[in-house]
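Asks: In case you want the letters, here they are:
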Amino acid sequence: MIVALRLVYGRPVYSVSAAMLFVAVLVFYLWSGQMLLVSESGLALLVQPDLMVASIILATLFAVSLPLQVYALRLAITGVRQTGGTILGVVIGGVSINCCTPVLLPALLSLAGFSGTNILSVNLTVHRYLVPLTLLGALLLAYSVVSTATSLAGTCAMPREHEEANLTGSGLPA
Amino acid sequence: MSKKARRADVVNPVEQRQQAPGPRPRPRQRRTRRSALLQVGVGVVAIAILVGSFVYYSLGHSSGGVAIAASADLGTMTADTPTSPTGNFTPVSAPLRSGQKPVLLFVGAQWCPYCAAERWSIVKALARFGSWSGLTIGQSTDRKGGFGVVPTYGLTTATFSSPYVAYEGKELQDNSSATLQSLTASEQALVDRYDSKGSLPMVYVDGYAMVGAGYTPTGIQGQAFSAIQSQLQRGSSAASIEPINAEANLLTAMLCKADGDRPGTACSNATIQAIEQGLQ
Numbered sequence: 002m003i004v005a006l007r008l009v010y011g012r013p014v015y016s017v018s019a020a021m022l023f024v025a026v027l028v029f030y031l032w033s034g035q036m037l038l039v040s041e042s043g044l045a046l047l048v049q050p051d052l053m054v055a056s057i058i059l060a061t062l063f064a065v066s067l068p069l070q071v072y073a074l075r076l077a078i079t080g081v082r083q084t085g086g087t088i089l090g091v092v093i094g095g096v097s098i099n100c101c102t103p104v105l106l107p108a109l110l111s112l113a114g115f116s117g118t119n120i121l122s123v124n125l126t127v128h129r130y131l132v133p134l135t136l137l138g139a140l141l142l143a144y145s146v147v148s149t150a151t152s153l154a155g156t157c158a159m160p161r162e163h164e165e166a167n168l169t170g171s172g173l174p175a
Numbered sequence: 002m003s004k005k006a007r008r009a010d011v012v013n014p015v016e017q018r019q020q021a022p023g024p025r026p027r028p029r030q031r032r033t034r035r036s037a038l039l040q041v042g043v044g045v046v047a048i049a050i051l052v053g054s055f056v057y058y059s060l061g062h063s064s065g066g067v068a069i070a071a072s073a074d075l076g077t078m079t080a081d082t083p084t085s086p087t088g089n090f091t092p093v094s095a096p097l098r099s100g101q102k103p104v105l106l107f108v109g110a111q112w113c114p115y116c117a118a119e120r121w122s123i124v125k126a127l128a129r130f131g132s133w134s135g136l137t138i139g140q141s142t143d144r145k146g147g148f149g150v151v152p153t154y155g156l157t158t159a160t161f162s163s164p165y166v167a168y169e170g171k172e173l174q175d176n177s178s179a180t181l182q183s184l185t186a187s188e189q190a191l192v193d194r195y196d197s198k199g200s201l202p203m204v205y206v207d208g209y210a211m212v213g214a215g216y217t218p219t220g221i222q223g224q225a226f227s228a229i230q231s232q233l234q235r236g237s238s239a240a241s242i243e244p245i246n247a248e249a250n251l252l253t254a255m256l257c258k259a260d261g262d263r264p265g266t267a268c269s270n271a272t273i274q275a276i277e278q279g280l281q
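Quick mapping for you: the protein sequence lines, in order, are chains A and B. Going by the working numbering, the residue at position 33 of the first sequence is 34; the numbering climbs one at a time, nothing skipped. Going by the working numbering, the residue at position 80 of the second sequence is 81; the numbering climbs one at a time, nothing skipped.
A portion of the hints provided could be inaccurate.
[Claimed, not checked] Which stretches of chain A does chain B cover? Using the computed rule of at least three CB atoms under 8 angstroms from a CB of chain B, they are: (1) 23-29; (2) 118-130.
[Claimed, not checked] Chain B side only, calculated, beta carbon under 10 angstroms to chain A, not exhaustive: (3) L38; (4) Q40; (5) L51; (6) G53; (7) V56; (8) Y57; (9) Y58; (10) S178; (11) T180; (12) E188; (13) Q189; (14) K198; (15) A225; (16) F226; (17) G236; (18) S238.
Hints were generated in silico from the structure; no laboratory data involved. Beta carbons are placed, not taken as given, at the ideal position from N, Cα and C, and that holds for glycine.
The whole structure should be built from the sequences, with the hints applied where relevant.
Replies: Here you go:
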């Protein structure tokens, strides 16, 4: 796995992309969870330690996962599990961040035609299961990272049997 | 030695490998097996933690603690007025009545800091129309919405009686997010109609609906309940206290308008009359 991470993040374009993704996703989580407020007087940051920690963890995992996915996609060795894990992880993580002062989730549900009571019920449920949902999002993203990195490492490593066969075929006298 | 014997002595490595008993797994295969076992183990532990956390939070854990009774005495009427004619309320068409009495409906949660703020004004306003019993001291949950602990009244077990107006309150979750009360069908209809984002609190006063609180709890967060109550009783004009009084006066004016300006002790006050004029 370390090999795969070095392989991908050794390239500047992926490292820079990961850094930018981290910042973008973190800002998105802070805004959608109403920890980052934009008003006439400027920006305000309402610090909620537990949500802040969750936002940083999820943003980090997503920023690590997506460039890996892109690299693996280019080699056509990624699958539905890894990609789905990334998408689900960031969505579930975002939902959990929205627990307390939701902005995005109610807006989306409202657009989809859900009633106020249903959305209220969803908000209260998400609020109640903040910790498990954050954990689930983080686990999905972590699984996606490990799985993709393992695929990359397996594809790029030279199997030892092949090395031995080459040596035997060319090195030893007949 | 004959050629045949020499050939017999020569060891054919391919034949030797084929005839030999099953070899021990090579180090690479052992590493692969250990790695797979480790992954399975980590996966099982992760799933166990995840399922356990869902079960733990679904069971709900009461906030605990002994309820401390609180007085509804929050001082006399002040001259504070809302910053706009209807404050943060929106005029709506659907009435809300209990028989002939206009209803003040409050939907909130114990952990919610904005709900904690609004309860001060509700208690003070309704005390002008009737009497409270069963009020307790409560507080919002620290850090929710970016605020510290906001002291407030506990209304879950409180009752209000008045010949003029009625009060309906629903606390949907307690401080640890366990379910407390649920909405009736008519209350759900109001939420569906006027609270499309499912936010808290929601306050409905016979013809006016508000999603959110009338003021931000910034000024009262972190204070003791008794300190806020004392300031209200003294008629303090502190910046943190004025919004509570302004919101209470607004609620009073709305109820006076709905019930035909009764009782006179509350509704004939000049400040209330001025606010009521702005509601027309």
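Asks: Given B/L51 as an interface hint, is its Cβ closer than 10 angstroms to any Cβ of chain A?
Replies: Since the shortest Cβ distance to chain A is 6 angstroms, the answer is holds.
Asks: Let me know if the C-beta of B/T180 comes in closer than 10 angstroms to any C-beta of chain A, holds or violated.
Replies: Holds. Min distance 8 angstroms.
Asks: Has the stretch 118-130 of chain A got at least three residues whose CB is nearer than 8 angstroms to a CB belonging to chain B?
Replies: Our answer is that it holds, as 11 residues pass the Cβ test (under 8 angstroms) against chain B, meeting three.
Asks: Answer holds if the nearest beta-carbon of chain A is closer than 10 angstroms to that of B/Q189; otherwise answer violated.
Replies: holds, 5 angstroms
Asks: Hey, does the B/E188 contact hint survive, CB to chain A under 10 angstroms?
Replies: This hint holds: B/E188 lies near chain A, its Cβ roughly 9 angstroms from the closest one there, short of 10 angstroms.
Asks: Taking 10 angstroms as the limit, does the beta-carbon of B/Q40 come near enough to a beta-carbon in chain A?
Replies: Hint holds; B/Q40 Cβ to chain A Cβ min 8 angstroms, cut 10 angstroms.
Asks: Let's test the interface hint: is any C-beta of chain A closer than 10 angstroms to that of B/G236?
Replies: This hint is violated: B/G236 lies away from chain A, its Cβ roughly 31 angstroms from the closest one there, beyond 10 angstroms.
Asks: Is the shortest C-beta separation between B/A225 and chain A less than 10 angstroms?
Replies: Since the shortest Cβ distance to chain A is 23 angstroms, the answer is violated.
Asks: For the hint on B/Y57, does the least C-beta distance to chain A fall short of 10 angstroms?
Replies: Cβ of B/Y57 sits 8 angstroms from chain A, so the hint holds.
Asks: Verify the interface restraint on B/K198: the C-beta must sit less than 10 angstroms from at least one C-beta of chain A.
Replies: Result: holds, 4 angstroms to nearest chain A Cβ.
Asks: Quick check on the hint: B/V56 CB to chain A CB, less than 10 angstroms?
Replies: holds, 9 angstroms
Asks: Quick check on B/L38 please, does its C-beta sit within 10 angstroms of some C-beta on chain A?
Replies: Check failed: Cβ of B/L38 comes no nearer than 15 angstroms to chain A, outside 10 angstroms.
Of the numbered hints given earlier, the model fails hints 1, 3, 15, 16, 17, 18; all others are met.
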